[in-house]
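Peer 1: Chain residues, written in single-letter form:
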Amino acid sequence: MAVKVSLKVNGKSVSAEVEERTLLVTVIRENLRLTGTHVGCDTAQCGACTVSMNGKAVKSCSILAMQAEGAEVMTIEGVAKPDGTLHPMQAAFKEHHGLQCGFCTPGMVMNAIDFAKSHPNPSEQEVREALEGNLCRCTGYHNIVKAIGAGARAMAASK
Amino acid sequence: MHAFKYHRPSSLNDAAALMKGDAKLLAGGQTLVQTMKLRLASPSDIVDLGTIKDLAGIKSDGKSVTVGAMTRHADVAHSADVNKAIPALAALAAMIGDRQVRAMGTIGGSLANNDPAADYPAAVLALNATITTNKGKHEADKFFKGMFTTALGAGEIITAVSFQVPKRAAYMKFKNPASRFAIVGVFVADFGGSVRVAVTGAGPVVFRQAEMEKALAAKFAPESVANIKVKQDGLNSDMHASAEYRAHLVTVMARRAVQAALK
Numbered sequence: 001m002a003v004k005v006s007l008k009v010n011g012k013s014v015s016a017e018v019e020e021r022t023l024l025v026t027v028i029r030e031n032l033r034l035t036g037t038h039v040g041c042d043t044a045q046c047g048a049c050t051v052s053m054n055g056k057a058v059k060s061c062s063i064l065a066m067q068a069e070g071a072e073v074m075t076i077e078g079v080a081k082p083d084g085t086l087h088p089m090q091a092a093f094k095e096h097h098g099l100q101c102g103f104c105t106p107g108m109v110m111n112a113i114d115f116a117k118s119h120p121n122p123s124e125q126e127v128r129e130a131l132e133g134n135l136c137r138c139t140g141y142h143n144i145v146k147a148i149g150a151g152a153r154a155m156a157a158s159k
Numbered sequence: 160m161h162a163f164k165y166h167r168p169s170s171l172n173d174a175a176a177l178m179k180g181d182a183k184l185l186a187g188g189q190t191l192v193q194t195m196k197l198r199l200a201s202p203s204d205i206v207d208l209g210t211i212k213d214l215a216g217i218k219s220d221g222k223s224v225t226v227g228a229m230t231r232h233a234d235v236a237h238s239a240d241v242n243k244a245i246p247a248l249a250a251l252a253a254m255i256g257d258r259q260v261r262a263m264g265t266i267g268g269s270l271a272n273n274d275p276a277a278d279y280p281a282a283v284l285a286l287n288a289t290i291t292t293n294k295g296k297h298e299a300d301k302f303f304k305g306m307f308t309t310a311l312g313a314g315e316i317i318t319a320v321s322f323q324v325p326k327r328a329a330y331m332k333f334k335n336p337a338s339r340f341a342i343v344g345v346f347v348a349d350f351g352g353s354v355r356v357a358v359t360g361a362g363p364v365v366f367r368q369a370e371m372e373k374a375l376a377a378k379f380a381p382e383s384v385a386n387i388k389v390k391q392d393g394l395n396s397d398m399h400a401s402a403e404y405r406a407h408l409v410t411v412m413a414r415r416a417v418q419a420a421l422k
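Residue numbers (our numbering), protein chains in the order written: chain A, 1 to 159; chain F, 160 to 422.
Honestly, I wouldn't trust all of these hints.
Claimed, not checked - With the C-beta cut set under 7 Å, the calculated list includes, among others, these residues of chain A facing chain F:
1. Glu20
2. Asn54
3. Val58
4. Glu126
5. Arg128
6. Ala130
7. Gly133
8. Arg137
9. Gly140
In case anyone wonders, no lab produced these hints; they're calculated from the structure. Owing to the predicted nature of the structure, the values given are computational and were not obtained by experimental measurement. Yeah, the Cβ is synthetic: ideal placement off N, Cα and C, and Gly gets one too.
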């Protein structure tokens, strides 16, 4: 049966008619056409579907759309400034070449931004632990770890 | 995922009334949603506990720490009260899954599911916790019945878990590097005179290790358990680890947990 789900995505109030079994990531990608949020494994392991929900990084493939009723969601599309200026974490990924194919990057950035809020100057070890829920099959993680450390410090400095 | 009817009750009573037939409760959904996607579960109805007030939160009174059923793992891990009263419990919560999963997953969901490799059952059993539901209370020793099976009855909903504050405690987990579930996890809690040792991941359901408890009650030191040989009979054997390997790990994790508790 179709039901209505209403939430805020990237600051805009949106609603969608969906089946009750619809996942949050499906609403984001297929109803709202925000295809920056990726579905990698679809089993809550890879983290490519990570978005911010009510200020916390979560895996949108493991959440029913109905669970997000009334929530404030931010996707990778909502991270940069309207004029296109990159978020400090995005800029750090670019600067440190923290990506190769880029498939995992939106999830990495969304998780990293949430992590950096409570870790303004993280150690390498802390960054690696924070990445337990994000898989990258290209980079070997070294530049992602560097990027997140630099991004976190840039976020703290821009406050 | 098969179709189901979704409900958003506003009270515990409404939620309980909806638990008919193949209805399932949804807490954080970090196990259930995946299980439904794999069609290992195909409930007729989903009863979402997410909007019921007062099911989340942490209270501490010096003797016990009470955690609401819908409290997220991340909130237990970061709670100043938990870190002060039972740091081992906060550390355990910080080891569950990954940080995105910890932002959604709940203690009530974990306990009701009772995965044989889950972390929380070890803390509940070692810290002699009491599980409160909409129908009454369960002692930890009588709650975990078997693999994915608990003492919860039909329509029974966990509301809170009260942990007894130990003199000292620690949890050591040898984790599967992919899933981060416990291959073997051992929670050791010293209540001054009595010691409880709970083992998760090793068998079909969390269990206490009586021989280690006795040895640690006599002397709370790593060497008290270092030479205790755990029998492999009845322990899990799978692609990740043999029963023999898990039996060995129980002793190693117990020794390390005692070491950590003494720090």
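Peer 1: The structure should be examined with respect to each hint, and the outcome stated for every one.
Peer 2: How the hints compare with the structure:
Because the smallest distance between the Cβ of Glu20 (chain A) and any Cβ of chain F comes to about 4 Å, under 7 Å, the interface hint for this residue holds. Hint on Asn54 (chain A) is violated. Least Cβ distance to chain F is approximately 9 Å, over the 7 Å limit. A least Cβ separation of about 5 Å between Val58 (chain A) and chain F falls short of the 7 Å threshold, and the interface hint therefore holds. Against a cut-off of 7 Å between C-beta atoms, the interface hint on Glu126 (chain A) is violated, since the closest Cβ of chain F lies about 11 Å away.
Nearest Cβ of chain F to the Cβ of Arg128 (chain A): about 12 Å, over the 7 Å cut. The hint is violated. A hinted interface residue such as Ala130 (chain A) counts as satisfied when its beta carbon comes closer than 7 Å to some beta carbon of chain F; here the least separation is about 6 Å, so the hint holds. For Gly133 (chain A), the suggested interface contact is upheld, since its CB lies about 3 Å from the closest CB of chain F, less than 7 Å. Against a cut-off of 7 Å between C-beta atoms, the interface hint on Arg137 (chain A) is violated, since the closest Cβ of chain F lies about 14 Å away.
With a least beta-carbon distance of about 16 Å to chain F, the hint placing Gly140 (chain A) at the interface is violated under the 7 Å criterion.
The structure is inconsistent with the numbered hints 2, 4, 5, 8 and 9, although it conforms to all the rest.
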